[in-house]
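Enquirer: One letter stands for each residue in the lines below.
Protein chains: 2
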Amino acid sequence: MDRNPLVRESDLQFLLREVFEVERLCALEPFSHLDLDTFELYISATRTLARERLYPLYREMDQAPPTFDGAHVATHPHMVTCYDQLAELGVIVASRPEEVGGAALPQTIVTIANLYLMAANAGAAGFPLLTAGAAHLVEAFGNDETRALFMRRMYDGEWTGTMALTEPHAGSSLAEITTRATPRPDGRYHVRGSKIFISGGDHDIRPNIVHMTLARIEGAPSGIKGVSLFAIPKLRPEGDDLVPNDVHTTQLIHKIGWKALPSVALNYGEDDDCIGWLIGEPGAGLKYMFQMMNEARLMVGANGVATASVAYFAALEYATTRRQGRSISNPSATSSAPIIDHPDVRRMLLRQKAIVEGGAALLVQTGLYADHAAAGPTQQRPRAAGVLDILTPVAKSFPAEWGFESNSLALQVFGGYGYTTEYMPEAWLRDQRLNSIHEGTTGIQGLDLLGRKVVARQGEALRALLEDLHQDVERATPHAHLSAHATSLARACQRLVVTTGKLASRGAGGDVAGMLNHSDNYLRSASVILVAWMWLKMATAAAQRDPSDFTRGKVAACDYWFREELVRADGWLRNCEDAESSFAALSPDAL
Amino acid sequence: MDRNPLVRESDLQFLLREVFEVERLCALEPFSHLDLDTFELYISATRTLARERLYPLYREMDQAPPTFDGAHVATHPHMVTCYDQLAELGVIVASRPEEVGGAALPQTIVTIANLYLMAANAGAAGFPLLTAGAAHLVEAFGNDETRALFMRRMYDGEWTGTMALTEPHAGSSLAEITTRATPRPDGRYHVRGSKIFISGGDHDIRPNIVHMTLARIEGAPSGIKGVSLFAIPKLRPEGDDLVPNDVHTTQLIHKIGWKALPSVALNYGEDDDCIGWLIGEPGAGLKYMFQMMNEARLMVGANGVATASVAYFAALEYATTRRQGRSISNPSATSSAPIIDHPDVRRMLLRQKAIVEGGAALLVQTGLYADHAAAGPTQQRPRAAGVLDILTPVAKSFPAEWGFESNSLALQVFGGYGYTTEYMPEAWLRDQRLNSIHEGTTGIQGLDLLGRKVVARQGEALRALLEDLHQDVERATPHAHLSAHATSLARACQRLVVTTGKLASRGAGGDVAGMLNHSDNYLRSASVILVAWMWLKMATAAAQRDPSDFTRGKVAACDYWFREELVRADGWLRNCEDAESSFAALSPDAL
Numbered sequence: 001m002d003r004n005p006l007v008r009e010s011d012l013q014f015l016l017r018e019v020f021e022v023e024r025l026c027a028l029e030p031f032s033h034l035d036l037d038t039f040e041l042y043i044s045a046t047r048t049l050a051r052e053r054l055y056p057l058y059r060e061m062d063q064a065p066p067t068f069d070g071a072h073v074a075t076h077p078h079m080v081t082c083y084d085q086l087a088e089l090g091v092i093v094a095s096r097p098e099e100v101g102g103a104a105l106p107q108t109i110v111t112i113a114n115l116y117l118m119a120a121n122a123g124a125a126g127f128p129l130l131t132a133g134a135a136h137l138v139e140a141f142g143n144d145e146t147r148a149l150f151m152r153r154m155y156d157g158e159w160t161g162t163m164a165l166t167e168p169h170a171g172s173s174l175a176e177i178t179t180r181a182t183p184r185p186d187g188r189y190h191v192r193g194s195k196i197f198i199s200g201g202d203h204d205i206r207p208n209i210v211h212m213t214l215a216r217i218e219g220a221p222s223g224i225k226g227v228s229l230f231a232i233p234k235l236r237p238e239g240d241d242l243v244p245n246d247v248h249t250t251q252l253i254h255k256i257g258w259k260a261l262p263s264v265a266l267n268y269g270e271d272d273d274c275i276g277w278l279i280g281e282p283g284a285g286l287k288y289m290f291q292m293m294n295e296a297r298l299m300v301g302a303n304g305v306a307t308a309s310v311a312y313f314a315a316l317e318y319a320t321t322r323r324q325g326r327s328i329s330n331p332s333a334t335s336s337a338p339i340i341d342h343p344d345v346r347r348m349l350l351r352q353k354a355i356v357e358g359g360a361a362l363l364v365q366t367g368l369y370a371d372h373a374a375a376g377p378t379q380q381r382p383r384a385a386g387v388l389d390i391l392t393p394v395a396k397s398f399p400a401e402w403g404f405e406s407n408s409l410a411l412q413v414f415g416g417y418g419y420t421t422e423y424m425p426e427a428w429l430r431d432q433r434l435n436s437i438h439e440g441t442t443g444i445q446g447l448d449l450l451g452r453k454v455v456a457r458q459g460e461a462l463r464a465l466l467e468d469l470h471q472d473v474e475r476a477t478p479h480a481h482l483s484a485h486a487t488s489l490a491r492a493c494q495r496l497v498v499t500t501g502k503l504a505s506r507g508a509g510g511d512v513a514g515m516l517n518h519s520d521n522y523l524r525s526a527s528v529i530l531v532a533w534m535w536l537k538m539a540t541a542a543a544q545r546d547p548s549d550f551t552r553g554k555v556a557a558c559d560y561w562f563r564e565e566l567v568r569a570d571g572w573l574r575n576c577e578d579a580e581s582s583f584a585a586l587s588p589d590a591l
Numbered sequence: 001m002d003r004n005p006l007v008r009e010s011d012l013q014f015l016l017r018e019v020f021e022v023e024r025l026c027a028l029e030p031f032s033h034l035d036l037d038t039f040e041l042y043i044s045a046t047r048t049l050a051r052e053r054l055y056p057l058y059r060e061m062d063q064a065p066p067t068f069d070g071a072h073v074a075t076h077p078h079m080v081t082c083y084d085q086l087a088e089l090g091v092i093v094a095s096r097p098e099e100v101g102g103a104a105l106p107q108t109i110v111t112i113a114n115l116y117l118m119a120a121n122a123g124a125a126g127f128p129l130l131t132a133g134a135a136h137l138v139e140a141f142g143n144d145e146t147r148a149l150f151m152r153r154m155y156d157g158e159w160t161g162t163m164a165l166t167e168p169h170a171g172s173s174l175a176e177i178t179t180r181a182t183p184r185p186d187g188r189y190h191v192r193g194s195k196i197f198i199s200g201g202d203h204d205i206r207p208n209i210v211h212m213t214l215a216r217i218e219g220a221p222s223g224i225k226g227v228s229l230f231a232i233p234k235l236r237p238e239g240d241d242l243v244p245n246d247v248h249t250t251q252l253i254h255k256i257g258w259k260a261l262p263s264v265a266l267n268y269g270e271d272d273d274c275i276g277w278l279i280g281e282p283g284a285g286l287k288y289m290f291q292m293m294n295e296a297r298l299m300v301g302a303n304g305v306a307t308a309s310v311a312y313f314a315a316l317e318y319a320t321t322r323r324q325g326r327s328i329s330n331p332s333a334t335s336s337a338p339i340i341d342h343p344d345v346r347r348m349l350l351r352q353k354a355i356v357e358g359g360a361a362l363l364v365q366t367g368l369y370a371d372h373a374a375a376g377p378t379q380q381r382p383r384a385a386g387v388l389d390i391l392t393p394v395a396k397s398f399p400a401e402w403g404f405e406s407n408s409l410a411l412q413v414f415g416g417y418g419y420t421t422e423y424m425p426e427a428w429l430r431d432q433r434l435n436s437i438h439e440g441t442t443g444i445q446g447l448d449l450l451g452r453k454v455v456a457r458q459g460e461a462l463r464a465l466l467e468d469l470h471q472d473v474e475r476a477t478p479h480a481h482l483s484a485h486a487t488s489l490a491r492a493c494q495r496l497v498v499t500t501g502k503l504a505s506r507g508a509g510g511d512v513a514g515m516l517n518h519s520d521n522y523l524r525s526a527s528v529i530l531v532a533w534m535w536l537k538m539a540t541a542a543a544q545r546d547p548s549d550f551t552r553g554k555v556a557a558c559d560y561w562f563r564e565e566l567v568r569a570d571g572w573l574r575n576c577e578d579a580e581s582s583f584a585a586l587s588p589d590a591l
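As you go down the protein sequences, you meet chains A and B in turn.
If you're matching positions, the first sequence starts at 1 in the numbering used here and goes up one per residue.
If you're matching positions, the second sequence starts at 1 in the numbering used here and goes up one per residue.
The shape of chain A in the complex, shown without the other chains (with noise of 0.2 Å):
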């Protein structure tokens, strides 16, 4: 196996250390046990494993995806001790308080070590991640009957979770499901319908599996009201027993990438012998799921930062061993130059370096208002919620958009051999592409930032968004060579600003589809600014090091940025505004 980084220590010591100085984060209450080292060591650990287990296992577990015999899902063999790996790191775990068994990390420290895992091997990673969004469910709104059941056991690793929202005639809109619970005399219910696209949601790594399934409660309300919370085992403790719990898989999908992890449709109560227990209240369903969809979604950003990061730096060490052509800037030299020496390949390199770095920045700072939403000053936390709430969206989308770009380029440096499944580019432009589907299509993350996110409470949220922008706006100016970037970015959110007004006042004029005809535009808008952002603020960290390598390669990838990305904006935003919007009016027969 070839000694593929996945994610640069440099880079993210830099990040950690030196742009988000993050060991503040101690300084808060329930991190006030850890320190810097104390981080590291988990992402030291985690760096390992990636490294020198999933990463090696990555290619076979491709190549040799899970099957299914009509009634059973087998995975990879290796996945197992995988997963007994994983678990003991404490990756299930990481974030959850000591009284649940975890370490407390903060939210940035755990996300920066997953990237680790999920360029190593995004399928295989997605067990442990998965089970611990739901585990954490189960944790924050089940009861104690629950936790002892069925989080404690998730926890430990002892059994794996899944989220099972979908169904196949509903998609993406969830007021649409019918899985029906019927009470039993025993608080529990009777559960009846089916699921798509569980992922997880059959193997044999583990002997049960908890699925956080959606469900109506008999005599609910139509719509996202009536829907609740179930956890449904595929087997359901009985006296000292593990029963089967009547789930059924009806069909392994055959994704294109993510191989490692089944994805499978579930049927519930075939015998109308499935029984689910109710987490939380009835009716609060979809609440509390978007507790865990939130924490998804920035694990699907994390993914596609990783899975661009991983190509990145095969692209980079192909493209300084493979020697092809004569460089332009030395036109007669008598042997063939490294392709990197190809301004078009560096160009190819530079701006998958903008997004993969520009990526973990935003991922990081994403991070940090998490943490400080949940464990900041309790009078300071709806502040760092409110700018969370619009960042996901962008945290979610932007690493799957522009990191499909980005896993595109990477083949493209390959040339031919890109093209072939004899190199891996191939495999992780699959892996990626599911980033800008799974956790809500980047359409719905669109329509989430304008429509919900950034008009919630007259706006509060992206003010005190931009004020934290600005103060790094303040810090920059001052740098002869970032000035001019720093006056295009303040200028790019006073555009942001006045464009969000115009369609916030389209939209409570009653033109809500005026509003939102643009979202695509808005949201796109919103990344290149709060990448720009990142790129800013790294830049000016590099600012104060001594000039190396290092360094210009930040200022390069910023200059980038502001050049080739940031001036996107204005042409976008100008087309939220106009309110030109006759494609959507357009009659379906005219396409």
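Quick caveat, the hints were computed from the structure, so don't treat them as lab data.
For clarity, every value in this text was computed on a predicted model and none was experimentally measured.
Please note that a few of the clues may not be correct.
When chains are identical, the list treats them as one kind, so a pair holds in a single copy or across two.
Within a straight-line C-alpha distance of at most 20 Å, the following computed SDA-like cross-link-like pairs (lysine to any residue) qualify [unchecked claim]:
(1) Lys287 to Ile217
(2) Lys225 to Ser332
(3) Lys287 to Ala585
(4) Lys225 to Leu89
(5) Lys287 to Ala265
(6) Lys287 to Pro377
(7) Lys225 to Thr334
Use these hints to put chain B onto chain A, whose structure you have.
Expert: Below, chain B alone, put in the same frame as chain A:
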């Protein structure tokens, strides 16, 4: 099998009859025996074969790629009868003159017909189209012996042909090829060397294959001047027999798409018994090959359009039948809406339409210049050839790059289902990904456009192209809803001219790197501008008709292109001009 139209008749009719009035080609002497009916007869026969034979086989050919037993490649069992039918239809000789058995059809018509074949099954269509190119090389540059021996049998459908340029160590850098040819007393050559990525390089559908191979004659100068062209058959004629010619398949390359068409590595002369026939003059191999490569580049462009087209129609069909959620414009509806009613889905479809139809128009436009360059009045040929030279890199790379985005959007419309092999968009996305690599990567197209094509003869060809474009600007201007677009296009062209001048003088002043560092931005700018020209032309033609869904669709796509795409040219051209190319000077260690 579904009833995907592959390419829509009404759109092609509109291009042929109204936008480009291709019947005017019949005024050219070589086409004077033809009329619009003949054109449409050929297109219609091709369409039928594509829809009824190639498309229904696509999926199984994608899922059961060729196999290799260590000596021979076996293709899909149905490929042999497909090839029979393609040959019988005349696909191999459609554009060739009657004296070699052809139908002497204009390139424009052949390209349009080929769109159907490529949309149906890009890999299967590759066999006859590569054979056509190989045979055309012998026709153009061979002598009586090689024409009788090779050309005739390829045109007749008896043997197939390939294009054997790339070597494992050299990739895109053809100056570095090392395959050796040693003269024999009989005027033929012993050949020894290796080639890689040879599409159709081995198969079992025909007994023999003619590899049009670049090699160096012993003692030839280094670099491209030492490269000659050879026809090297898999089996060579000896008396009345065909005997093995010491050409060995050493590897079947596992491509991620184009599965019907095997790509192999070949060894020539392992046993010192491989004989090649020199084609044309020694040392002129690359010049000859460029004839074939330019044809091949337009084929790649057609493939890009075709592959985006078939996926677009699948996405359009899915979006009109799949119901999910409530539309923003009708939130209180009692049943869920087809997803096409969601503005973001409609936007994704409109973008695909704009790329597919804009790309198809660009290919027709390019085909017309090719026809005038080959068959126009003698004194006008150089002008048409010059414009063709400029259009070729754009007509190759635009459909590949924007087509990839279009195919990715088609997958996105299918949501989670698009991420599975149960639906077809993922296969088309894989197919499309090759088009920015083969026959010269997009990076190479950029260098070709800026470094060679627009600066040749003091920009004469670019001026000619812009003259023609401005005629269409003038035609559009009187139409009220198009005059603003006409002005925008004229302004963008003015900007392109200024930028070209600045870059050219930078190059002429000795700073070739400074000129070429932004070739990617230059190519992208030229692409959106030329496609804007196409959309203006189409919208102008639509304005001649009574309003209908058809014409409203054209206007909407035109508006979309000007609003969302043409506007990008300005930023790219500014970046080209300001000579900021520090990225190219960046140390590889800073990446």
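Enquirer: Against each hint, give a clear statement of whether it holds in the structure.
Expert: Hint by hint, here is what the structure shows:
1. Lys287 to Ile217: within (16 Å within a copy, 75 Å between copies)
2. Lys225 to Ser332: between (72 Å within a copy, 16 Å between copies)
3. Lys287 to Ala585: For Lys287 and Ala585, neither the intra-copy (33 Å) nor the inter-copy (52 Å) Cα distance is at most 20 Å.
4. Lys225 to Leu89: This pair counts as neither: shortest intra-copy Cα distance 39 Å, inter-copy 61 Å.
5. Lys287 to Ala265: neither (24 Å within a copy, 57 Å between copies)
6. Lys287 to Pro377: neither (24 Å within a copy, 73 Å between copies)
7. Lys225 to Thr334: Between. Shortest inter-copy distance 16 Å satisfies the 20 Å Cα cut-off; intra-copy 73 Å does not.
Violated hints for the displayed structure, listed by number in ascending order: 3, 4, 5 and 6.
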